[in-house]
Amino acid sequence: MAMTKIGRSSGTSRFFNICRWTTSLANTTTTTTRDETKILHTTTTSTSSKGGGGTTKSMNLFTAINQALHIALDSHPRTYVFGEDVGFGGVFRCTTGLADRFGKQRVFNTPLCEQGIVGFGIGLAAMGNRAIAEIQFADYIYPAFDQIVNEAAKFRYRSGNQFNCGGLTIRAPYGAVGHGGHYHSQSPEAFFCHVPGIKVVIPRSPREAKGLLLSCIRDPNPVVFFEPKWLYRLAVEEVPEDDYMLPLSQAEVIREGSDITLVGWGAQLAVMEQACADAQKDGISCELIDLKTLIPWDKETVEASVKKTGRLLISHEAPVTGGFAAEISASLVERCFLRLEAPIARVCGLDTPFPLVFEPFYMPTKNKILDAIKATVNY
Amino acid sequence: MALQLLKSKNVVSLFRSKLGFLAITKQPKCYFTHQIHSFSRTLTQNLESPCEFSCKNPNFMSFYRWESTMAEKHLNITEHAMDYPGGKVKYTSDLSFISGSPEERIQCYRVLDENGHIISSSNFIEIGKEVAVKMYMDMVTLQVMDTIFYEAQRQGRISFYLTCIGEEAINIASAAALNFDDLVFPQYREPGVLLWRGFTIQEFANQLFGNEADYGKGKQMPIHYGSNKHNYVTVSSTVGTQVPQAVGAAYSLKMDGKNACAITYFGDGGTSTGDFHAGLNFAAVMEAPVIFFCRNNGWAISTPIADQFRSDGIVIRGQAYGIRSIRVDGHDAVAIYTAVHEARQMAIQEGAPVLIEALTYRAGHHSTSDDSTKYRSAHEIEWWRSSQDPVSRFRKYIERKGWWSTEAESELRTNTRKQLAEAIQVAERSKKPPVADIFRDVYDVVPSNLSEQEKLLRETISRHSKDYPSDVPV
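Each protein sequence line maps, in turn, to chains A and B.
Okay, so the first sequence: first residue is 1 according to the numbering used here, each after it adds one.
Okay, so the second sequence: first residue is 380 according to the numbering used here, each after it adds one.
In case anyone wonders, no lab produced these hints; they're calculated from the structure.
One or more hints might be untrue.
As the list claims (entries may be wrong) - Derived DEER-like restraints, expressed as beta-carbon distance ranges: (1) B:Gln-728 to A:Lys-104: 14 to 24 Å; (2) B:Val-512 to A:Asn-109: 41 to 51 Å; (3) B:Arg-842 to A:Gly-54: 49 to 59 Å; (4) B:Glu-509 to A:Gly-128: 32 to 42 Å; (5) A:Leu-356 to B:Glu-482: 50 to 60 Å; (6) B:Leu-791 to A:Gly-128: 12 to 22 Å; (7) A:Lys-308 to B:Leu-836: 27 to 37 Å; (8) B:Gly-479 to A:Asn-109: 29 to 39 Å; (9) B:Lys-637 to A:Pro-111: 22 to 32 Å; (10) A:Ser-75 to B:Ser-748: 42 to 52 Å.
Stated by the list, open to error - To be clear about the criterion: a stretch of chain A counts as covered by chain B if any three or more of its residues have a C-beta under 8 Å from a C-beta of chain B, and this derived list gives those stretches: (11) 110 to 117; (12) 145 to 152; (13) 157 to 170; (14) 292 to 303.
Here a beta-carbon is modelled for each residue, glycine too, at the ideal position from N, C-alpha and C.
Could you build the full structure based on these sequences and the hints that come with them?
Have a look at this one:
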């Protein structure tokens, strides 16, 4: 890929200050749902990433996503970014500077209508364009569910491959944010994991997000890309400034261990990392896997790990019943039944709508995970 | 709401900057107070003047510039206008609601009367002989095709079928007015558009039988045609989903500078969907060159118009979105041809959407799964089928021009029936697509979970071959 210097770096510097401020704010808030806000950095074991040949820059998640979008629009002229409020930069700043740089015909606001956003995006993609649609919050994706499930996911299959909308990427912020309540905190990934024909990708950090998003945009299948909003400002790490892609459907072992395998995605990995660190103090060696792509998902990597450790724990914010942990659990029981030393544990959200003041109770916290690790190891 | 706005610092500063403009236009300086108080003023005479109010509450109107109260009291409110977001709006002191329906229904554009005569005052496009004859022949082919395929379903040879009886002119004339490059997003009652573009009877039959030659590779029910080489996007059963997709495609055509538009078809029922609303609104805002073609045939399965909406059909909704619209006689091939031709020009030249509502009648059942005599009279169906038949109307027109004859008619019908019989035989005898195709095209490449499932399925098939249809190659 050509080295692309993103020319907005001077504009992003102020975000770092905000980030540090927000971090301390989060620590002092009584309703903070994270035990610690130590953010999971991309480890050096992620040698799968091709990025790193050029310079890196410390940036947060929304800046990394913004860079990916700048690169996507710059490298492919028939690329469009659209959605509610994307013109001025978006409610999470992910689309900052795009309209100024690429023009309002390629980066534009849409009416407030998710089914229109996705339907329009499918039409654009069907013409061979790269259509990057933003849904303002994953909580609002449901009006577009018909277009995603009945249209986008089946566009290629039902036409006998005469048509496809592979150029479609739907981006949406998801997950708990500390004060989001029912409609600014949801993790709807499980609904989409049940739909053959689309891909579901969730990054854990800025560096992962940029590389994965570029892969999603360029992947010839429609993709739903959930961005952990909690990390938009809080997650800061060195991100290569050039154009790089990270592979889809490839899970990554981000912490090696031998006693138990933990699988997660997105913001939850940071919480799981903390639990692993605490477990280490009690002599439990945890292997932590970032699934990254939920469908089609990398069963092989998880299976290899569980064959090594004999124990599995899956954690996600979404409610436990019917959550994606159930799919992972069922698949691993099929593959590793005789190797398993304990039942597969799931540490997930409660089966309730996402509550506001009760967020700390709802969430799969570090201690819940730690308790489950110990219970599994001591089974 | 206006009072809440005052609390917003941003709005106050916005109006502060607006005041200078309004001074130039000779609006009263305290127009903002008029905004809050004018409504109550008309209702009650007791309210203190806004200036008195402001005197008592100096902090309330921090931006207020003092003006003569005498002059204000004599101002006629109907002269006031305001630059709201979206444009200037005049005020009125009349309390009147816009009626829910126009006094008269929007008129219907028609060129040919029931006997195929040009209505003298008509403004229309003269269709040349070659195009007109092809149009007529395709309308007949469509009619014969529908009859025979419908019969084939009744005989159990195909699983499903639906006809477009009564809508032959809509299908063929609209297609004839388009260019080949115009992208078509159909609902499901528009196979005539494909026919016009050269899809063969055999190709139709292959899809109906879902055989190995079906471009859709046996994935969908009959009539779910699609052909990329004919610029006809594959049909999906879901109603209305194609509408916003057509808008996205049209936008792409505009951005690529193509001399082409997108057209999408839907029925009266389809206009009740959220996707219809989404599509029209997006098209207007994005300025997409798309033709929205509504086949208002009076029925959505068993649901008549009165149970579908209470507006004057669909044409009247165009203006609600800022879209130009026209109502045409759906049984009049020349009117449809003209309207679509003009709409196409407008759409491409101006980058703007156009809405066409064709009034027609679904003379057949909804599909082979429906018996419409259960909810409407056979007499009504027969009346429409015979007296409003678009095919015979156009036949009269071209016969009068000397372009057609009884001999040509019987030859065409005989040949078409023969072609159909052959095509059905060939399609029926052909193998289905192979089992491997089940797993192809879910994604661009087959992912590992599907390879695994294919392997397991093949093992199952070899153990229990009798569970599986023998015409699907393993």
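Within 8 Å of chain B's CB atoms, at least three CB atoms from the segment 292 to 303 of chain A: coverage verdict: Check passed, 4 qualifying residues.
CB-CB spacing for Lys-104 of chain A and Gln-728 of chain B relative to the 14 to 24 Å hint: holds, 21 Å
Cβ separation of Lys-308 of chain A and Leu-836 of chain B, checked against the hinted range 27 to 37 Å: Given about 31 Å between the Cβ atoms, the range holds.
Satisfaction of the hinted span 29 to 39 Å by the C-beta atoms belonging to Gly-479 of chain B and Asn-109 of chain A: holds, 31 Å
Distance restraint hint 50 to 60 Å, applied to the beta-carbon atoms of Leu-356 of chain A and Glu-482 of chain B: holds, 52 Å
Assessment of proposed distance window 49 to 59 Å (beta carbons of Arg-842 of chain B, Gly-54 of chain A): Given range 49 to 59 Å: holds, Cβ gap about 56 Å.
Glu-509 of chain B versus Gly-128 of chain A beta-carbon gap, inside 32 to 42 Å or not: holds, 34 Å
Outcome of range test on Cβ distance (Val-512 of chain B, Asn-109 of chain A; 41 to 51 Å): holds, 49 Å
Outcome of range test on Cβ distance (Lys-637 of chain B, Pro-111 of chain A; 22 to 32 Å): Since Lys-637 of chain B and Pro-111 of chain A have Cβ atoms about 24 Å apart, the given range 22 to 32 Å holds.
Coverage criterion applied to the segment 157 to 170 of chain A (partner chain B; beta-carbon cut 8 Å; 3 residues): holds (count 9)
Verdict on chain B covering the segment 145 to 152 of chain A, where coverage means 3 or more residues with a C-beta closer than 8 Å: holds (count 4)
Range agreement (Cβ of Gly-128 of chain A with Cβ of Leu-791 of chain B, hint 12 to 22 Å): About 39 Å separates the Cβ atoms of Leu-791 of chain B and Gly-128 of chain A, which means 12 to 22 Å is violated.
Hint 6 alone, counting from the list given before, is not met by this structure.
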